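Construct all of the structure, not just a fragment, from the sequences and the given hints.
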Amino acid sequence: MSVAGSSSRVAEMAGLRLPIEAHVLQAFVTEGIKPLLDTVITFGAGHFYCSQSDKGGLVFGGDIDGYNTYAQRGNLPVVEDVAEGGMALMPVIGRLRLLRSWGGLLDMSMDGSPIIDVTPVEGLYLTPAGAMAASRRRPPPAGASPISSPRANPTLTPPPTVSIVSRKGASSTKRAWARNRTCTEGTPCGSNALIAVSALWKSSPIAAMPP
Amino acid sequence: MTAAVREAYGVDLPAKSVTARGKSVNFIGYGPGQWLVVSETLAHEALAEDLATRLKGLASVSDQSGGRAVLRVSGPRARDVLAKGLAVDLDPRAFPAGGAVTSTISHMGVQLWQEGEADSYDIAIFRSVSASFWRWLTASAAEYGYEVVTTS
Amino acid sequence: MEEFTYRGDATVTRPESLDASATDAWVDYVYLRDNPAGPHKEHWHHSAGCHAWLVVTRDTRTHEILAVEFAREGS
Amino acid sequence: MAGAFWEKVYEPLIRRSAGLGRAADTADPDHYEKTNAFCDVLVIGGGAAGLSAALAAGRAGARVILCDEDFRLGGRLLAERDEIDGQPALDWLKAAEAELMSLPDCRILRRTTVFGVYDGGTYAAIERVNDHVPVPPEHAPRQRLWRIVAKQSVVCAGAIERPLLFGDNDRPGVMLAGAVRSYVNRYGAAPGRHAVVFADNDAAFRTATDLADAGIAVNALIDARRDPSPAAQAAAESARAPYFSGAAVTSVRGALGIKSVLITDMNGQNQQFDCDVLAMSGGWSPTLNLTTHLGGKPAWDNGLSALVPGDLPPGMSVAGAAAGKFSLDACLASGEGAGAEAARNCGYSPSAPARPVAKEEAATPASPLWQVEKSRGKAFVDFQNDVTVSDVKLATREGFRVPEHVKRYTTLGMATDQGKTSNLNGAAVIAGLTGRYIGAVGTTTFRPPYTPVAIAALVGHHRGPDFRPTRLTPSHAFAKERNAVFVEAGAWLRALYFPQAGEAPQDTVNREVATVRSKVGVCDVSTLGKIDVQGTDAGTFLDRVYANTFSTLAVGKARYGMMLREDGFAMDDGTTARLAEDHYFMTTTTANAVKVMQHLEFCQQVLWPELDVQTVSATEQWAQYAVAGPKAREVIAALLDSGQDISNEAFPYMAAGSFTVCGGTKARLYRLSFSGELAYEIGVPARFGDALIRAIIEAGAPHGIVPYGTEALGVMRIEKGHAAGPEVSGQTTAHDLGLGKMVSKKKDFIGRFMGERPALTEIERASMVGLRPVDKDTRIRAGAHLVPKDADATASNDQAMSPPWPTRRSSEAGSRWRCSPAGRSATAK
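Protein sequences, first through last, are from chains A, B, C and D.
Residues 1 to 211 in this note's numbering are what the first sequence lists, from first letter to last.
Residues 212 to 363 in this note's numbering are what the second sequence lists, from first letter to last.
Residues 364 to 438 in this note's numbering are what the third sequence lists, from first letter to last.
Residues 439 to 1267 in this note's numbering are what the fourth sequence lists, from first letter to last.
Pair ranges (Cβ atoms, derived):
hint, chain 1, residue 1, chain 2, residue 2, range
1, D, D463, C, D397, 50 to 56 Å
2, D, Q938, B, R217, 56 to 62 Å
3, D, W444, A, G112, 35 to 41 Å
4, D, A1204, C, E427, 42 to 48 Å
5, D, R1210, C, V390, 40 to 46 Å
6, A, G112, D, S455, 43 to 49 Å
7, D, K797, C, E427, 40 to 46 Å
8, D, N1235, A, T119, 34 to 40 Å
9, D, D463, A, V3, 42 to 48 Å
10, D, A1204, A, M13, 37 to 43 Å
11, A, P120, D, N1235, 37 to 43 Å
Mimicking DSBU-like on lysine-lysine, the simulated pairs with C-alpha atoms at most 30 Å apart in a straight line are:
hint, chain 1, residue 1, chain 2, residue 2
12, D, K735, C, K404
13, D, K446, A, K55
14, A, K55, D, K858
15, B, K227, C, K404
16, D, K816, A, K34
17, D, K831, D, K858
18, D, K589, D, K858
19, D, K1184, D, K1033
20, B, K227, D, K589
21, D, K995, B, K267
22, B, K234, D, K1104
23, D, K1183, D, K1158
24, B, K227, D, K1033
25, D, K1104, D, K995
26, D, K1033, D, K1179
27, D, K995, D, K1183
28, D, K697, D, K812
29, D, K858, A, K34
30, B, K267, D, K1104
31, D, K816, D, K831
32, D, K735, A, K55
33, A, K55, D, K816
34, D, K1033, C, K404
35, D, K589, C, K404
36, D, K1227, D, K1158
37, B, K267, D, K1033
38, D, K995, D, K1158
39, D, K446, A, K34
40, D, K831, A, K55
Don't read these hints as lab results, they were simulated from the structure.
Given the structure is predicted, the values throughout are model-derived calculations rather than measurements.
Glycine included, each C-beta is placed from N, C-alpha and C at the ideal position.
The following block contains the structure:
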């Protein structure tokens, strides 16, 4: 039995309960372009893979959407996430346009390990199909941002707030202000007290605060 | 717990995601049974100790003063700037005066609350990402023009 | 979607027994899933928000959310 | 051989010469943006129906967003010469637009195409903010992605005109009739000097009237319908041109531009008409793409000869031509109705003012001509991908009878328009060839995006250094001043090592390690996850989440802990200190900080809600430095305010306590070592982190202190045998890591039962061993394999499984191995 995405439902007909959840993986294709990639490339840290189809479109994908589903479609945050991973790996694809996206179902085992097994049903063997070995690493940041206001002081006082005034563009009627109370560009500090209070659940007056 | 807080700080502990301003402190509900207590005047250690003493057996207290930076974004286009990162409806019809929310902006966790003027928002961000946040904020505000104001 | 993190089936119960006889119950709890096509009770964590664990009843065919409650209250 | 020749020579040649664009070779200099918007009613399309819907909802007080892909509202009103309420439709359009702009809560997004429908009433739209200017103004994006969350939506996306399938229908001068009317009526441009109109519906014959009124000669009106249509006849009269019903264009003359068309009338007689423009129309297909993105299937309407929306996504309605309502009056009425209904569904009470009225044309039903059978030459179905009727015939001969299969065989509908003009014609050809009813053949599935969307627009701000936020440690500025080389550890930037002038990287690491071993060094370990665990049941709670016991830990002490997953594999490790009876301070690895926090919250809220325990992340709150080496005590003592004792007796190994440093700043001190020396970790609130590291350096100067980075840290922890991230890979157990003895047998805890499964504890399992190279001059590199001395480097001789995962911290993977402890001696090669 190998019925990607529907293993649970098919196995159920034979009275089997499987260590499988159905997930959706989105795939994407761009408009056709002249040869750019002659191999599959992947970016484990950013979760992105890409190849070029015979018709010229880049075919790519990334992480699964991450919830049980039988709806063969995904959601926008993953679309954006995959695009971000793609452009981190290949900045030149920015102007390429996405033509089409779709979602395919995968059988995911509980710990990501592949399963090939005999079953209690005579003659029934199980090889759930799907992308089992996907790495689930968190993406790294690219590059560094500077931090300002160094201070060498034997007594431990927070650095002072520094005023930076920059004006860019804009007419005075359409103006937004960023008021810098406790941090300057990259150097947070300050004199505010900011304290987390977590109530014991049973003593909390708002145990029913809506999520 | 409500009584203990009212007695000490003169504020009704908010039962929703809103801010409640008391004597020198601001209680911001940010989740069921969780508040962020912000003070612009009290010393953080003393306040944390005072809270811990008064709420003993009712709640636990954890000083976060060193771990956050707080910015205020205000002005007629403040909501337009924030919308570029925040998937929360800040329109007065949906977000009450004094409303508070915990969410993300540009992949960074934020706690945001509205205080004072209608289009003025305070945003607490984690210390370590404050440089990245600042880059996002200036990039997002540039279209409208912006001014960085430092309070003393 | 970025704001919430999915964990999975909320109907499974952690066994209390550590006896060898409880093996099936433990394997069930850790690995086996009904994986229904239809209403599914599942755990979601409001990870970018209030950090509450929620029990969400959601139709896996349409993604329609049928009910939400705090996991803490359901237990 | 032939295959190789094809692959190596022909195929690359063909691909190079294919008519495709080229990807840029540099990154796009323009910038892109994403933004969020919320509304009650989202109206998609700003034609007659969309304007009516937006007005109805907006007047009722709803928050409305109206998106239109054109730079000007109006849709087909701009291209037709309609009247509304007896006045030119453009007057109504002007008034409607002005009223919408005056509404307080109506946002009009021009140049904006809604391209996707997602869960929870989320709609994705692309705004081409500055595509029409050569260079976007400073600080303005080229394009902006809108994520719109709407309670209700009204799709008024109109319809797309279909070409007719006859030989040489791709010749320059053959145009859609609607396009001809746009040239003439909207832009005031003559598409030719003399025209022929060929169509199967009344609307298209208006083209003849419009052309004639604009002074362009019309030479013939060719109606595919057998019965003459009064409206078409009237158009012919006004254009003073002959009208043929039951006729068709069977061939086109002229290669670079058409010169004449040959028609065959219902009696089979041929006639030739000169023309340089042929306006054709095969009817209109409702633009129902958005209605199907959540899985709804369009339905075939035999009366309309068109697909119409089927099951709609929650909160969506369809009006106007997109709903198959093709007359202007029906567009106005259905738009108004749908807008009012959407507002009502959001809790508003729309009033019902007199709606605008357009003259209802008496129309002869369209009778679609799917294909001109007798014509010669290539009849294009997909004009972009050059798919002809004969290509579709070949596909069906090959056995592809389903549109999805024909699509993949012929590429029909796979171009940038994704079959907007061709899919239905293709389905009709298949239906004809396979003797089926067109509704039974169906079409391919519409998928997002509705219109091609630049990848950069989906990326917005998150590119280059802003791909993901960068987390900077409290000592980042200090490390930069000291020329640190940084390494990415998840989102963090950590100092890898601190090179001095002229030093090679390995020399730097050796110097840092040697200094820590002989004197003292300081390393920023603030990136470790830190969690405040409080409550009267905190000890019990930790006993259940750690494999070892914490409830017995004395106040003022720290203990190393190992956490398992419920399936028995190692999850994370770290040191947890007991600061008070009901207060523990947990540390996690840098990589797993978020995961562990979420895990603790699950245990606390879902598994054991009866426990009195609260957890709060304190990772950002504390700047923490490891001060390690024989002189560490002297350095720490120099920082402490007077009267505080950290002698070995007063503050022994694994002690934890609160102190004050540098004149009253509260600090937490832990005597623990990751690197195997006399060592302390000292924590202060992060705002003092920068000042503290400078104070440590100053206090350590007399002892020769150096700052050291994660590379030296890795070397030292490996020499000590500490497991860390690369080893806790999700595939190792506590036993594998040599920590089996820590695992308690006395209590239940997460992973206890499953961790005792034989396969997870058996002696044959791979385990961690340390290696000492025989040849100290040869470096063992990350990812190297071990083979017996002088053996061939083949997989069968490999002594180890691959290192768990590649790692950025080379020394860690390079020096630790998982290999069989079965007694074979391994030599690094």
